[in-house]
Structures are given as C-alpha cells and as structure tokens.
Amino acid sequence: MSVYAAPVEVCNAALAEMGDDQIVALTDGSPAAITLNTRYEPLVKKELTKHGYSWAKKVARLVYQGETGNAPTYAYYLPNDVLTPRWLMVGHAPVVRGYQLSSNKLLVDVKYDYDLHYTWRVPESQWPADFADAMVKRLHSVLLRALPVDYVTARERDQAADFDFSAARIRDRMANGKQPNYSPDPVLVQAWRGASPHAQA
1081 MSVYAAPVEV CNAALAEMGD DQIVALTDGS PAAITLNTRY EPLVKKELTK HGYSWAKKVA
1141 RLVYQGETGN APTYAYYLPN DVLTPRWLMV GHAPVVRGYQ LSSNKLLVDV KYDYDLHYTW
1201 RVPESQWPAD FADAMVKRLH SVLLRALPVD YVTARERDQA ADFDFSAARI RDRMANGKQP
1261 NYSPDPVLVQ AWRGASPHAQ A
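Here our numbering is used: the first residue of the sequence shown is 1081, the next is one more, and so on.
It should be emphasised that the hints constitute simulated quantities derived from the structure, not laboratory data. Heads up, a few of these hints could be off.
[Unchecked claim] Between beta-carbon pairs, the in silico distance windows are: (1) Glu1089 with Val1229: 24 to 30 Å; (2) Tyr1231 with Asp1161: 33 to 39 Å; (3) Pro1228 with Gly1146: 52 to 58 Å; (4) Asp1242 with Gly1178: 34 to 40 Å; (5) Thr1148 with Met1081: 38 to 44 Å.
[As the list claims (entries may be wrong)] Cross-link-like lysine to aspartate or glutamate pairs, in silico, EDC-like; alpha carbons within 16 Å at most: (6) Lys1125 with Asp1195; (7) Lys1137 with Asp1195; (8) Lys1137 with Glu1127; (9) Lys1185 with Asp1195; (10) Lys1130 with Asp1242; (11) Lys1130 with Asp1252; (12) Lys1137 with Asp1265; (13) Lys1130 with Asp1265; (14) Lys1137 with Asp1161.
All of these numbers come straight from a predicted model, not from anything done at the bench. Ideal Cβ placement from N, Cα and C applies to all residues, glycine included.
I would like the entire structure built from these sequences, with the hints used as guidance.
Have a look at this one:
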C-alpha cells in the first residue's frame, strides 16, 4: 500500500521532486499550494476512473426512496461517494436494461434489491504503491508547468506518469482478470456521464 496518508503528503512528495519547500496544507496560500489545491482532486478522480481497479471498487445495496408517480415507477438513492458506476446487479445477475439514471437516483420499473458496483474516491493510504508513485509524477508535471514553467521536463514527467499508470493497470488486470463482470458496463457508464440517459433492450 501507499506510504502516503493524506493529499498533502502526496503533494509534498511532488514538491520534493522539484527541490522546493514543503507545504503545511493545501490551503496555506503559497503559490505551490494554490496550484495543487486546484488540480489535485480532479487529477486523482480522473486517474481512479480510467480503469476498473479492483482496490477502488465498492458494492452498495441501494436504498429505496419510493414511487415516482411516473415511468420509471420506482426510485433508489445512489451512494454519495460514486465516482463511476461499474455495473448494476440483482443477486448474481447483471441488470442490462430497464433503468434510468437521474441525478443521484436510479429509476426502475421493477422493484428489487439492487446492488451497485462502483468506483469510489479511495483514501491515499489505501493506494497501491505503483499508483501512488505515478500520481507523484503527474503532480510533478503540473508543478513544472506552473512553478517554474518548464514544458520540456513536464512532458517527460507526464510520459513517466503515463507509463507507471499503464503498468499499474496491467498489474491489476493480471491479478484480477478472472473476476466476473470485471469491465464496467458501458451502458451504465454512459448513462452516468449523461451521454445515454436510458438503458434499454
């Protein structure tokens, strides 16, 4: 697992790569903190959702809200910490049609006990070491584009981060590739992103 316990520790590792002073907090007002505070969470969430990491998966039984008064008939609350849904299940069977995602709710025509498998915002202390090291390189690239501006070295660090993230994904696939329903359901993901609000036959 990662040696970092909090966002500021990951950011300070990137600053150490720069040879710069450490920050106390992402809100301490220094130029480095201002840059990192703006970019850190979007970058983390982007990398977490690029792949269905086994260590970033949660399963939650959806809480029934009630009838909608329209079609679809029934509404269920989605978990608050969803970054990307992976697949929807009833028991051991995937649900591939007959639902709609609306804001923070799942709308369905049939009332069941639904389980949502999804990617969540994993704390830094639970990141695998290869993912954490790749994130440090990504943040180093961000800093090089701001403090000071060094686009050549920034591109090199981005390439190094891309390589490490790719290796992390490959390692995760090799360790977990035999799991059922490992790849996210593309229809569910598209619906979550707003590209296709309905999942139908």
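To see whether the hints hold, each was checked on the structure:
1. Range check, Glu1089 to Val1229: Cβ separation about 26 Å, and the 24 to 30 Å hint holds.
2. At roughly 35 Å, the beta carbons of Tyr1231 and Asp1161 sit within the given window of 33 to 39 Å.
3. For Pro1228 and Gly1146, the Cβ-Cβ distance of about 56 Å falls inside the hinted range of 52 to 58 Å, so the restraint holds.
4. About 39 Å separates the C-beta atoms of Asp1242 and Gly1178, a value consistent with the hinted range of 34 to 40 Å.
5. As the Cβ distance of Thr1148 to Met1081 is approximately 42 Å, the hint placing it in 38 to 44 Å holds.
6. With a CA separation close to 22 Å, the supplied pair Lys1125 and Asp1195 exceeds the 16 Å bound.
7. For a cut-off of 16 Å, the pair hint linking Lys1137 to Asp1195 stands: about 13 Å separates their Cα positions.
8. Between Lys1137 and Glu1127 the alpha-carbon distance is near 14 Å, which keeps this suggested pair within the 16 Å criterion.
9. Simply put, Lys1185 and Asp1195 have alpha-carbon atoms about 13 Å apart, close enough for the 16 Å limit, and the pair holds.
10. Under the criterion of a C-alpha separation no larger than 16 Å, the hint pairing Lys1130 with Asp1242 is consistent with the structure, at around 12 Å.
11. Proximity of Lys1130 to Asp1252 is assessed by CA-CA distance (about 13 Å); at most 16 Å being required, the pair is judged to hold.
12. Note on Lys1137 and Asp1265: the hinted pairing holds, with a Cα-Cα distance of about 14 Å set against a maximum of 16 Å.
13. Between Lys1130 and Asp1265 the alpha-carbon distance is near 14 Å, which keeps this suggested pair within the 16 Å criterion.
14. Annotation: proposed proximity of Lys1137 to Asp1161 holds, straight-line Cα distance about 11 Å (limit 16 Å).
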